Amino acid sequence: MSQESKVHSLINLLYFAAVLGLVFFLVRYVFFWLLPFILGFGIATLLRPAVMKISKSSHINKKVCAAALVALFYLSGIALLGAFLTVIAVQLYDLFLQLPQIYQETISPMLLKINDGFFNLAQRFSPDASNHMETLGEAVTSGLQQLAIDGSAKVVGGIAQVAGKLPMILIAAVFTFIISILISTNYSNVMKFFREILPRRFKARVSGLQQFMRDTIFSMVRAYIIIIAITFLELAAGLYLLGFDYWLSVAAIIALLDILPMIGSGTILVPWGLVLIAGSHPATGIGLLLLFAIIEIIRNIIEPKIVGAQIGLHPIVTITAMYAGLQIAGFLGLLCAPLAVLTVMYLYRTNSAE
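Residues in the sequence shown are numbered from 1 upward in steps of one, following our numbering.
One or more of the hints may lead you astray.
[Claimed, not checked] Capping the alpha-carbon separation at 27 Å, the derived lysine-lysine pairs in DSSO-like fashion look like this:
1) LYS192 to LYS56
2) LYS63 to LYS53
3) LYS192 to LYS53
4) LYS63 to LYS192
5) LYS192 to LYS62
[Stated by the list, open to error] Each pair of labels, with its calculated beta carbon distance range:
6) LEU35 to ILE197: 13 to 23 Å
7) PHE24 to THR284: 21 to 31 Å
8) LYS165 to LYS63: 41 to 51 Å
9) ILE253 to ALA278: 20 to 30 Å
10) ALA17 to TYR323: 30 to 40 Å
11) ILE316 to GLY21: 39 to 49 Å
12) GLY330 to SER219: 17 to 27 Å
13) SER58 to ALA237: 35 to 45 Å
Simulated from the structure, these hints should not be mistaken for lab results. Treat the numbers as computed from the prediction; the structure is a model and nothing was measured. Cβ coordinates follow ideal geometry from the N, Cα and C atoms, glycine included.
Using the sequences plus the hints, can you model the full thing?
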């Protein structure tokens with residue numbers, strides 16, 4: 001490698017590191033301060049094509065049309081999301097309160113049954129080994145019981161903490177709504193302002209980044225939201241038909257886990273089904289395994305058609321970015337980190353091409 005190539009590679013590496021550092025700083029320290037503006041701007045941008053189309057076809061003033069459409073978007077979103085989250089919260093609260101009872105009635109008998117089987121098997125070969133096996137089984141059973149009690153208490157406490165933050169969440173939601181209205185009704189002026197404050201040499205790059213975000217990232221997010229929604233509906237219907245009490249909340253949790261690469265719904269449904277088969281509910285366990293098989297078959301059919309092309313990140317890179325995002329900015333960071341990596345990669349490729 002020539003000296004010039006080494007210098008060029010070093011410059012690209014430093015550029016990549018600087019962009020990553022900037023992204024980390026923005027996500028860690030600035031993101032939550034600007035979240036109402038980011039969401040408001042995103043919603044206004046999302047509704048912009050519909051505003052233009054309705055205004056043109058109905059000859060209604062753009063500002064009036066934009067304000068009405070944003071208000072309708074928020075009202076319908078609040079109604080649907082509020083009803084859904086209320087049911088989920090009530091079911092989750094009730095579920096975690098009953099975890100100790102569920103453990104005593106379902107998991108503990110199954111563990112005792114498995115432990116007795118291992119004990120009888122060990123006793124045939126070595127009485128000493130059977131005694132150790134019995135002690136180990138009792139320790140595992142006691143530890144899992146305590147884990148269920150502690151986990152239930154922590155989750156209930158966490159729900160109470162979230163409830164305590166509701167006033168601040170409500171204030172942020174009001175600011176987001178106001179920002180959405182202001183940006184949507186003055187969209188052209190806002191975009192003109194951003195273009196004017198940018199240095200000339202960055203305008204073409206930002207324009208390309210905007211196109212990249214629209215064509216790649218937004219389409220990918222929309223595609224995976226559709227897939228998650230389909231997975232949730234399949235899970236909710238399957239768990240309801242199998243007779244589970246908390247089918248809606250459990251389906252929501254598993255559908256969210258399905259976002260994670262190399263994890264998916266099988267990490268919950270398969271062990272859960274095997275535990276029920278080994279316990280006293282083999283028919284229900286088989287039903288869960290069949291539900292998992294149906295979900296996987298349908299997903300493999302629809303995912304290529306909906307997504308079209310892969311996002312271009314290796315699963316290891318994706319899950320590493322998700323973990324880093326989770327540590328930096330919580331659940332929102334988990335969702336946004338792969339998108340940030342895609343953006344950084346686009347900027348790096350653009351800079352290298354220049």
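Between LEU35 and ILE197, does the beta-carbon spacing fit 13 to 23 Å? Because 21 Å falls inside the window, the suggested range holds.
Restraint status (C-alpha distance of LYS192 to LYS56 at most 27 Å): Roughly 21 Å between the alpha carbons, so the hint for LYS192 and LYS56 holds.
Range first: 21 to 31 Å. Now tell me if the beta carbons of PHE24 and THR284 are that far apart. For PHE24 and THR284 the Cβ distance comes to about 46 Å; the hint is violated.
C-beta pair GLY330, SER219: status relative to the range 17 to 27 Å that was hinted: At 25 Å between Cβs, range holds.
Straight-line Cα separation of LYS192 and LYS62 no greater than 27 Å? 17 Å, holds
Does LYS53 lie within 27 Å of LYS192 when you go C-alpha to C-alpha? 21 Å, holds
Is 20 to 30 Å right for how far apart the beta carbons of ILE253 and ALA278 are? 23 Å, holds
Quick one, are LYS63 and LYS192 close enough, alpha carbons at most 27 Å? 17 Å, holds
Kindly confirm whether 41 to 51 Å is satisfied by the beta carbon distance between LYS165 and LYS63. Cβ of LYS165 to Cβ of LYS63: about 34 Å, so the range 41 to 51 Å is violated.
Between LYS63 and LYS53, is the straight-line Cα distance small enough, at 27 Å or below? 13 Å, holds
Could you say whether the range 30 to 40 Å given as a hint is met by the Cβ separation of ALA17 and TYR323? With a Cβ separation near 19 Å, ALA17 and TYR323 fall outside 30 to 40 Å, so the hint is violated.
For the hint 35 to 45 Å, verify it against the beta carbon of SER58 and that of ALA237. 39 Å, holds
Figure legend: structure checked against the earlier numbered hints; hints not met, in rising order: 7, 8, 10, 11.
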